[in-house]
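Starting from the known structure of chain Y, fit chains G, X and E onto it as the hints suggest.
Chains as they are written, first to last, in this note's numbering: chain Y, 210 to 485; chain G, 210 to 485; chain X, 210 to 485; chain E, 210 to 485.
These aren't lab readings, by the way, just hints derived from the structure by calculation.
The structure displayed is predicted, hence computed values, not measured ones.
Take these hints with a grain of salt, some might be off.
Each pair may be met inside one copy or between any two copies, as identical chains are not told apart.
[Claimed, not checked] No more than 30 Å apart at the CA atoms, straight line, and that leaves these computed lysine-lysine pairs for DSBU-like:
hint, residue 1, residue 2
1, K461, K381
2, K403, K280
3, K403, K461
4, K478, K280
5, K396, K461
6, K396, K381
7, K396, K280
8, K403, K381
Number of protein chains: 4
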Amino acid sequence: MPSAQKLSLVFSLLACACVVAVAQPSGRSERPQGPPDSDEQRIADLVLASRILVNEGVLDSFGHVTVRSLKNPAHYFMPRAMPPALVTASEIVELDRDSVPIDPQAPRTNGERFIHGEIYRLRPDVQAVVHSHSPAVIPFSITRERPLRPVLHMAGFLAERVSVFDHRNVSKDDPSLRGKLMVNNAKLGAALAKTLAGDSVVLIRGHGNAIVGSSLPWAVFRAVYTQLNARSQMEAIALGGEVTYLNEDEIKMHSVEVFDVERPWQNLKSRLPKTP
Amino acid sequence: MPSAQKLSLVFSLLACACVVAVAQPSGRSERPQGPPDSDEQRIADLVLASRILVNEGVLDSFGHVTVRSLKNPAHYFMPRAMPPALVTASEIVELDRDSVPIDPQAPRTNGERFIHGEIYRLRPDVQAVVHSHSPAVIPFSITRERPLRPVLHMAGFLAERVSVFDHRNVSKDDPSLRGKLMVNNAKLGAALAKTLAGDSVVLIRGHGNAIVGSSLPWAVFRAVYTQLNARSQMEAIALGGEVTYLNEDEIKMHSVEVFDVERPWQNLKSRLPKTP
Amino acid sequence: MPSAQKLSLVFSLLACACVVAVAQPSGRSERPQGPPDSDEQRIADLVLASRILVNEGVLDSFGHVTVRSLKNPAHYFMPRAMPPALVTASEIVELDRDSVPIDPQAPRTNGERFIHGEIYRLRPDVQAVVHSHSPAVIPFSITRERPLRPVLHMAGFLAERVSVFDHRNVSKDDPSLRGKLMVNNAKLGAALAKTLAGDSVVLIRGHGNAIVGSSLPWAVFRAVYTQLNARSQMEAIALGGEVTYLNEDEIKMHSVEVFDVERPWQNLKSRLPKTP
Amino acid sequence: MPSAQKLSLVFSLLACACVVAVAQPSGRSERPQGPPDSDEQRIADLVLASRILVNEGVLDSFGHVTVRSLKNPAHYFMPRAMPPALVTASEIVELDRDSVPIDPQAPRTNGERFIHGEIYRLRPDVQAVVHSHSPAVIPFSITRERPLRPVLHMAGFLAERVSVFDHRNVSKDDPSLRGKLMVNNAKLGAALAKTLAGDSVVLIRGHGNAIVGSSLPWAVFRAVYTQLNARSQMEAIALGGEVTYLNEDEIKMHSVEVFDVERPWQNLKSRLPKTP
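Chain Y on its own, in the form it takes in the complex (with noise of 0.2 Å):
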């Protein structure tokens, strides 16, 4: 689907979206069973996303997941670099629309920091990203003929095909960029955004992925899912034969969010090694 159109059905979610919100008795709030929102919450919130990533495997030493600044939405939290096994709330750096600390004296941010900076610009619906390497979603970054697809009924939020970005094809015109396979400047950060356009996920060729949420739990649980998804639909084609994806009706069905995300988040929260 050509970027246009994909950022016209952004808006159609968008106000899609609405609907779904007017039909809730609890309005705007995504997390009816959840704390109050708040910054302070988001911060809290946003350590416990990159332990809980690191748990289930789909952060290593590096990757890191950001959230939207309630108070100025234009801004966002990000850990420093720093393993996100090892985040705290004191960590945590405030960024502004160009991914520039606010803090003069802030300690050293993440090179790729423009991921995160460059979906927030383009996509007012998200709240929260978060940038793996996902082993299990890599190799379908890497094999051109086989998308990464939905299998999964708890994956109903993966586009019918999942784009795969690739700085060859902005590196082609700029020799600058040659070769770089970090997205670490706003340029690529931004043709990452228009490649992920109105979808959850979008891959990053020989490197990871970038994955939206309308709050940190929904990110975390798309991350999460994501992961199983591509390994079901690994195993699924090693087997043989046709593999049956999820069809329009499902995904339009699916892809809404139709369950308590309270609940995998408590559950991943649980699983968390107690720390002494």
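Below, chains G, X and E alone, put in the same frame as chain Y:
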């Protein structure tokens, strides 16, 4: 095998089970070494069964196990809508033959309780049901040419070719069900139970499976070994060449409950993380 | 290789082992650095061996390890019918050459003790036997075109093509054995031992394997590395192209016990979860 | 690429490394944020490196890591013959340029120390060497048509096609080496080092690999990411279709040590089980 034939097979197997029972000193009880049967004991086992299946990687944040009531065999016990890892005895809800909670003040129940309720209705021999998204089993639900089949001597309870339930077969005649991958109403539950027929296991396309047993330990055992059989079959197929499946004689010999289920049950219990 | 040839090979290997023994200062002992050999020490090692093989994913709720008696080499020691993870010294039963417990009050023994008893009868060089359902090895038992073969330098103890025992070869002439995947009588045990012949490992179709050693540490080491070899061979086959197996020279060089088995034994022991 | 060309490449890379060093404020140190370099520090890191590589599934009961001596760069430090999980500082032996222990009372050393000694001899730029049997990497050593190639942006340190050392190339002209899969003398060690040439990684057919780095953290990082790259490449191949490998520009950009190695090093340390 057509469903009618399958159902007639159920009753033959039930008859056959009686013969086996006669041949055994301890009569009706399926767990000669276990504690005496009672609804309290069944609820205690249900809590263990939930935690065991999480610990063995069969259940994720979702999925559920249930047990039929001994006192009122038309009813069954099921955890409220919550992660199975966190279930305690006080979270168990009693549901009637139509999957309606007995207690009007009962907490919210799982949307997919109809999987259980409709199987209990059709299968008087079934005392326990597991519904999981067991990852190793999923691939066999989404490749039509490769049915799950028994390859392991401990998996003789699997049908020669395990059936796959696909809602598309139902929803093609009922537009209100279009796209519904969740089995969350009585009509879909009944259709699933009919596909299961007299078997032990039925797959649910792009979603998971339902597994039944004559007790919680048997249902848990089967859920664990269905997963192991799936993985072995998958790996044998990947090796190439022709796979040797259990033949009719072997399935007949091993579909009967020929060993003491207390052995895996005690072992799986001992593997649970110690609660502090 | 026909069985007769294999058996003659056993005796050549035994002769060869004597030569090696002569060349070593410490003579007969297979564990120069281990504690002095005695039945008490063998029983203590047997408890460790059971727990190690569970911990390494070789044994599940079933499966068993045994050791020959030093005092009465026609007898062997085996845990009673119970999960191997939970075995203690007081659960060990002494069995005679026909796999009958010495003590008429002995607790219930495993139905498949004949695997061990018949191997000890045929192979005087064998001091320990492992029977497992090691999942990585199973696929090679159910695809006739893909025998398990040594690919790892630590797996030189594997025959060039590991034999597979299939009860169908026996039961086709004996209707009373039809469908019996369990090796739970003397006739099937003897047929299995004959298939093993002079090798270290024999697979059992759709069921598992039996692995022998000149001591418990050697049998445990081989069980762990048979599993690793199986996984590597499986993955190499999945890569496509021709696989390079160990050649005759390499097998000859590495089938001999060229390193100190105390090293993996100490390591595998250190990996056991601490008992409280 | 022929070895001669490879060796000339080493020296170009060394020259290039100097340029990078000049461009950095901190000059020679490879670990700007780590503790000051000394033999005591290297030995402490060596203990950590052994335990980390066991914890990440790279090392089993065998395998070893070593580090060059800072005081006497012709020497190197290596644990005595023992399981890498159990190494402490008091188990470290100093070896000379011919892999002979300095202390005539030194405990027994590993037979395969020549892998390390001969690489240190040929490669003055190398400060640390890992020799492992990393299971995910083995398959690429036993299928000639499928070389290990970089697919991950974190694995730009891999050569375009990673070389495989096979003793058969050496032993075909020297009958005394026939069948020797172990690299346990100087001749085989030198032949292996020559196959490694100027690369970071060399596979050893049917056995494992050797991985080098400019410090222990770099060698450990590379060992972990070689394993991740192998698994991703394997799974991409299993998906079918053409795999996109890193191209020359990407390898050039990412073979340089472009990020702070303290980040994975701190993370991998934090993952170690706590010692009581």
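For each hint, the structure was consulted:
| no. | hint | result |
| --- | --- | --- |
| 1 | K461 with K381 | between (36 Å within a copy, 16 Å between copies) |
| 2 | K403 with K280 | within (26 Å within a copy, 54 Å between copies) |
| 3 | K403 with K461 | both (22 Å within a copy, 27 Å between copies) |
| 4 | K478 with K280 | within (26 Å within a copy, 37 Å between copies) |
| 5 | K396 with K461 | between (32 Å within a copy, 21 Å between copies) |
| 6 | K396 with K381 | within (13 Å within a copy, 47 Å between copies) |
| 7 | K396 with K280 | within (27 Å within a copy, 47 Å between copies) |
| 8 | K403 with K381 | within (17 Å within a copy, 37 Å between copies) |
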